[in-house]
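The sequence shown begins at 1 in our numbering and counts up one residue at a time.
Take these hints with a grain of salt, some might be off.
As the list claims (entries may be wrong) - With beta-carbon atoms standing in for the labels, derived distance ranges: (1) G72 - V24: 26 to 36 Å; (2) R91 - S132: 12 to 22 Å; (3) L32 - F186: 37 to 47 Å.
Simulated from the structure, these hints should not be mistaken for lab results. Where a beta carbon is used, it is the ideal one built from N, C-alpha and C, also for glycine.
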Amino acid sequence: MEIALVLSLLVVAIVLFASEKLSVDVITLLLLSALVLTGLLTPAEAFAGFSSDIIIILGSIFVIGGALRETGMLDVAGGWVFKLADGHARRLLVLLMSAASALSAFMNNTTVTAMLLPAVSGGAHRAKISPSKLLMPLAYASMLGGTCTLIGTSTSAAVSPRAGSLSSRVAAASAGSSCQAMAVRFFIGSSSG
Numbered sequence: 001m002e003i004a005l006v007l008s009l010l011v012v013a014i015v016l017f018a019s020e021k022l023s024v025d026v027i028t029l030l031l032l033s034a035l036v037l038t039g040l041l042t043p044a045e046a047f048a049g050f051s052s053d054i055i056i057i058l059g060s061i062f063v064i065g066g067a068l069r070e071t072g073m074l075d076v077a078g079g080w081v082f083k084l085a086d087g088h089a090r091r092l093l094v095l096l097m098s099a100a101s102a103l104s105a106f107m108n109n110t111t112v113t114a115m116l117l118p119a120v121s122g123g124a125h126r127a128k129i130s131p132s133k134l135l136m137p138l139a140y141a142s143m144l145g146g147t148c149t150l151i152g153t154s155t156s157a158a159v160s161p162r163a164g165s166l167s168s169r170v171a172a173a174s175a176g177s178s179c180q181a182m183a184v185r186f187f188i189g190s191s192s193g
């Protein structure tokens, strides 16, 4: 009987998610409340996840990202990148990928990409460069930058308490940094053609 109730709640949640009549956070809290009200979860079980270190870390990352966006710091940083590039496509690519990977090492990579997207698109038009030549490298730099630290991606942050010694953490950062450097080199080489 319990499994039927859980599956029914799951179907209702999926329909609500698909219909987009309510926001995802409201649906999630309603589902959590339904699980408690039906007795499938105790209140302690329902709210245990909110005290998890990973939830606090991810919430903090979103707060930092929102603060950077609202204060206009990302627009200022984007302006500096395009000013430093001085119209040189290769220099712009290196600066953009370096900035995106540095930010995403400490913030959620999807958030970094979304925040940099308007600045990159606008700057590409001002520099008379096709936006597609910058947007794919931006996406890759953001994803690879997240691999340089244990808090750069949500999956890395989730496993960081089990990451072991400092040397294993440094090895992970070294591997991420190496991949990032290879990606920058690849995009610089492909931009010359």
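Structure-based check of each hint:
1. G72 - V24: 26 to 36 Å: Between G72 and V24, where Cβ atoms are some 27 Å apart, the hint holds.
2. R91 - S132: 12 to 22 Å: holds (18 Å)
3. L32 - F186: 37 to 47 Å: Since the Cβ atoms of L32 and F186 sit about 44 Å apart, the hinted range of 37 to 47 Å holds.
Checked against the numbered hints given earlier, the structure satisfies every one of them.
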